[in-house]
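Student: For reference, the chains in residue letters:
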Amino acid sequence: MSKTIIINGKECVFDGNKTVLQIARENGFYIPSLCYHEKLGPASKCRVCVVEVDGIRNLQTSCSTAATDGMKITTDSPRVLEAQRMVVNLLLANGNHNCMICEKNGDCELQDAAYHLGIELPAFVVEEHEDKDDSGAFIIRDGNKCIQCGRCIEACNRLVVNEVLDFGFRGGHTQVVCDGNKPMGDSSCVQCGECVQVCPVGALIEKKAVGKARSWEIQKVRTTCPYCGVGCQQELHLKGDQIVRVKGVEGAKPNDGHLCVKGRYGYDFIYSKERLTTPLIKKNGKFEEATWDEALDLVADKFKQIIKESGPDAIAGVSCARSTNEDSFYMQKLFRAAIGTNNIDHCART
Amino acid sequence: MTNSFGEFENAKLFFLIGTNMTEAHPVASYYVKRAKLKGAKIIVADPRYQALAKKADIYAQIKVGSDVAFINGLMNVLITENLYDKKFVEENTEGFEEMKATVMKYPPEKAAEISGVSADLIREIARTMAAIKPGMLCYTLGITEHTCGKNNVMSTSNLQMLLGNMGMESAGVNPLRGQNNVQGACDMGALPNVYPGYQAVTDPKNKEKFEKAWGVNNLSDKVGLMIPDMMHELTTKKVRAFYIFGENLARTDPNITHVEHELESAEFLVCNDIFHTETTRFADVIFPAAAWCEDEGTFSSSERRLNRVRKIKDAPGQAMPNWWIFKQLAKRLGHDWTSNSAQEIWDNEHSMVAPAFAGIKYNRLEGDGLQWPCPNEEHPGTKFLHKDGKFTRGKGLFKGIEWTPPAEVADAEYPLVLSTGRRLVHYHTRTQTGRCGLDRVLDDKTGLNQMMSEERVDMSAADAQKLGVKHGEYVKVSSRRGAVKVRAKVTDEIPAGMVWMSFHFSEGNANWLCNNVFDPETKTAEYKACAVRIDKI
Amino acid sequence: MDASIKKIVARYPDEKSAIMPVMQHLQRENKNFLSEDAMDQAASVIGCSKSKVYGVATYYTMFNTQPVGKFHLQVDTCVPGFLHGADAVVEHLEKKLGIKAGETTKDGMFTLSRVQDLGSCATGPVIQVNDRYFENMTLAKTDALIEALKSGKEPENDPSMTVISKCGVLLNDRTQKDCRTIAFYKKNGGYQSLKKALTMKPADIIEEVKEAGVRGRGGAGFPAGMKWSFLPKNDSRPVYLICNADEGEPGTFKDRQIMEFNPHLVIEGIAISAHAINSKKAFIYIRGEFNWIADILDAAIEEAKKDGQLDNVDIVVHRGGGSYVCGDETAQIESLEGKRGNPRVKPPFPANSGLYGCPTVVNNVETLSSIPYIIQNGAAGYKKFGNPNNFGPKIFGVSGHVNKPGIFEYPMGTPLKEILEAAGGVKGKLKGVIVGGLSVAILTAQEAETLILDFDSCVKAGTALGSGGIMVVNDTVSIPELALRTIEFYHHESCGQCVPCREGSLVIEHKLHDLVHGKGKIEDIDLILHLTANIKGLTLCPTGEAFAVPIQAMVTKFRPEFEALVKR
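Protein chains in written order, with my numbering: chain V, 18 to 367; chain R, 971 to 1507; chain B, 518 to 1085.
Any given hint could turn out to be false.
[Unchecked claim] Calculated pairs, DSBU-like style, for lysine-lysine (alpha carbon to alpha carbon, straight line, at most 30 Å):
#: 1; chain 1: R; residue 1: K1192; chain 2: V; residue 2: K319
#: 2; chain 1: V; residue 1: K264; chain 2: R; residue 2: K1415
#: 3; chain 1: V; residue 1: K319; chain 2: R; residue 2: K1177
#: 4; chain 1: R; residue 1: K1011; chain 2: B; residue 2: K694
#: 5; chain 1: B; residue 1: K694; chain 2: B; residue 2: K713
#: 6; chain 1: R; residue 1: K1008; chain 2: V; residue 2: K264
If you are wondering where the hints come from, they were derived from the structure by calculation, not from laboratory data. Bear in mind the structure is a predicted one, so any value in this text is a computation, not a measurement.
The shape of chain V in the complex, shown without the other chains (with noise of 0.2 Å):
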């Protein structure tokens, strides 16, 4: 059966078992959160999705609250915004949080709420330092940009069971470590960057993307990872015809956003200078340049004189297990149509 629960005067209705977050969402109303994480679910860390329940004292958090029939939300009163200003107004007040050079500028979730809730400047300043850490293979860790959410901790543990990361020290001192306060290098973290994938903010970033491109530049393409057999969807990130970055594609069959270390990371071979650019030929043992007229005449011509000399069986192939079907449809219908044999096989079984 259906329940309505009353936000900010319009009735809401939903099905089953949902939080107030979630069906404010649904119904377009902004809330402002940092902790919550839909794959992660309700944290209730960051209090800033707090929002105003008829008949609670205190303000609640949405994200945790289980919306029930007839409830009734508020969440844009003044007390509502003053709570939630002042929560922002302490994460901007800590650490360094530079919009100008970050490069989730746009894509933040911490901006985001700042600019909702029209905080212009931070209202008070408090400094304390963290060094970058670069160590990582592919991903940089910035403490001065984490607000202590914990979903890359949750993901990590949670998500992919990589187990790395954890929350070490406590208070105001605490921070994101890998396993026993390491740097991420010479850590037990395999790379996977489903951290990344999560982070709110831009405490977490991929290395190669830096500087590449401004959130807006970005343009998103959904494609398949070229490594294992998973099949795992990626959103590329693109500049141009330039990869940024890759990430997952959330809620999308297999893998919900999640990738590994190669499906994320592992996608520049594409634009290096080594590329094949043009038809080769040997001659005299070494390869010259040819166009493509010479390379596939030269090709079929040989072709045809063996099938004429000793038949279609002299001729095999071996197709690709790492390109397309199509590729490989139009290899064995070269094979079985065009010269044939069913001399025709790839690495099926390895």
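Got chain V; can you put chains R and B on it based on the hints?
Tutor: Chains R and B only, in chain V's frame:
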């Protein structure tokens, strides 16, 4: 895979044999570990005490190449203790008695002797599998890359049928495919015995159908050669021209010295590739090809899911899509093919001739793709196969399978067993992953190369001590076929008597050592077992 | 796994709970230093990640992940220590040892640290040396202590203070040498209540406790009987009872008086309560600094077991690692599960899903220690003490500026004045009183004049009875300085999970620091009030409120003192 990755997280039991998902299929391993957090039991059978073995509820450290005996032992317990799924066996299978007769020759004690897993543990595993239903069986190349690979595969389905773990959610036999589109290359009929969609070339009806579809009248009804045979026939000159599309056989195939001799023997060798490789050295003509991201198309994943790949840029220079190259060659051989894009090839050609794919069209592949079989355009695709125990051939067929040892076993001269495979950070011969650093050239010191820049031989502390070898020190690993110099990695993953290497690096590639012997039917090489020795340098 | 570690792990239903005890063991074995190797060893023994172990080790203050001197001198400079002159001791030690607080002498003999609240409020200044306390320290006694340590002699502790028990329910005669023994306890009627309780139906015990109206003595004052009755009925999961002995609210040192001198009373209380709620396994979660008291409890449990008193329940003493927040019941449960002491989001409440996801009751030491009396004398007997809705005896601890600080077991509803008189009267001119531990609003001298000490009267007076830890402040004390000490404590103790507490306490600390050091602005005072007003009720656990309330009260009631610090 009979089943899907989406079923992993809610599975109750995993039986993982010959699969090191953590490194070879990392994302799949996440879901196994998450299932464990939710209470699933994990049983791992693997010679290596790898990451998932360490997380397993039960770990069986089986000896390399003992899978059939081990699984027969499990089935022996299931049958003798009356723990198997009698209803499923009666209703959905045949050949039980024949299988039973063989299995009865493998009581747990006998299986223990061969596999090195204690009889008690074999009993415990069998009882656990019988107690927790359904269970998902997953394997990878640890099962297939043996001279008895096909028998290993059949053993896994014997076991799952006996347990009734077929035709339902979170069950089944699930081979995780090692490459992004090895499933697709099979689906497309890049196999010597079947047309696209697994239609036998020997069936006259199929021949007629494809001749009509392709407008030809000379299709061969003779099963073609498989790779090892093709390569062999290069040396006999029975095969004169060899066309290699995107494979680096000179480093991926066993016994590199021998493979290079075969490639060298080719009268005429053509390659399509995106880089020079150790293989293209032998080519007469190389066609520069478009890479991933440079053409539209589809991949088929292990779970039979058709996914789109998309073009974001043009191929560099004059490089062209592979299908275009094949089309130009066909034209010069007198065949004018009309398709002008990957979509046209799929929509107008493949899906029209392969019934299992008939319902899959590009316009249906925008989101999460579709899993075949998908016989018509209203069909939602198939999450798991053999629903309600209905097998493709009717009834599931049990086969009695005898254990056979690897072709080469350790002896006094070569006292260690070498097993090989993939590591997390690199892929195959590193043509791609070797170029993922900031400089985007092979062997630069950043990116994936920063995480691993050279091959090493994984070995046990016991053997290292015996040989006086320290972690990180260079050693010589040699087999009857070759020798390599690599650093020793002393690790608790490896039991005494075994060593392990990958084939990612040109030097120090395990394939210099591997044995070029093959399963008699599938022609899969025995990458997982050969005998080597290690010497201090 | 070596045998001693195995033994530790075996005490717990879930091995993860053994993380802290295993690390405590490894630290003790290694010169009070928890090395990386030791943490890795703990990770492999327990079967969890290295980062998790590291996270736990660095959460609790008592794990030394950096090497420390042979003698780790830890001076409590929190509010009660501050009132008792602990800063002079630190300065003296700095001079004497030639190091600053936080440093180690070159010869590796001494490490000097300022620490937050050791729970020895009436006997301050206190120095904790490794795991021993030295109380009532003067500069001369400090010198003697250092000399004794240097020469390898065993120094003596002087824990003397005023002890008055008007009710005679919770405190025993500690002047008797054998006061801790079961023989002494039984001679005075001990374990008769348990015997009686075991013949009663659990439901009847719960009814009796409900009827007695005993309100939780940890500070919240929630009716204990009602808490018990929230446990789900007909549930197959095991029920756990946790005795909260993590007394860490500055100004509070009452539970240790029961545990140290009258341990069997706590144990009997636990055994009766466990029977009432059908729990077979109980834990005493005691703050790690009270290690010697934990030893006393361990010994008493052994004695009671041998005497056949504990057939219905197994009691495990679990030592904390140095964390105020672990006094919160859900944080305590997390800590007992071997995690960082982060409070949980409620619901679910512990009664439904507590320790290991099972129904759990957490009761304070003093609360549980009241149970034997109720069983023996009935609800009516208990209600002879106190006022309606505020029954029973209560232990008040008085520290700060009184002539005879100490502990006082008086009936609920006793006027503050009477307690202060019992404590020898105020030293100097009274400026303010904090009556319920540091987390409650300070009262001005005038407000304190007529205060009645029970839950409801304190609320009416705009403060709270809390734990009954009374800190007396005379006019020599600067309230801004007191506020700074207060926020330093809470900032140090904040678990760091939620933003208003973690960052709010940081900003307030900075602003108060600026004010106290003459660098403040008038806006800082308003900012502090803005923050405290918004933090109240916004945090994940009560810690936010625990500093917002006292800071707000200090600033509001003594605002001119803060304004006077701003340079014009």
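Student: Compare the distance between the alpha carbons of K1008 of chain R and K264 of chain V with 30 Å, and conclude whether the hinted pair is satisfied.
Tutor: Holds - the C-alpha atoms of K264 of chain V and K1008 of chain R are around 26 Å apart, at most 30 Å.
Student: Quick one, are K264 of chain V and K1415 of chain R close enough, alpha carbons at most 30 Å?
Tutor: The hint holds at about 24 Å.
Student: Hey, K694 of chain B versus K713 of chain B, does the alpha-carbon distance stay inside 30 Å?
Tutor: holds, 28 Å
Student: Has the given pair, K1011 of chain R with K694 of chain B, been kept, meaning a C-alpha gap of at most 30 Å?
Tutor: Measuring from Cα to Cα gives roughly 56 Å; hence the hint is violated.
Student: When you check the alpha-carbon spacing of K1192 of chain R and K319 of chain V, does it fall within 30 Å?
Tutor: holds, 23 Å
Student: Does the structure keep K319 of chain V and K1177 of chain R at a Cα separation of 30 Å or less?
Tutor: The given pair, whose Cα atoms are some 27 Å apart, holds under the 30 Å limit.
In summary, the structure is inconsistent with hint 4 from the numbered list given earlier, while agreeing with all the others.
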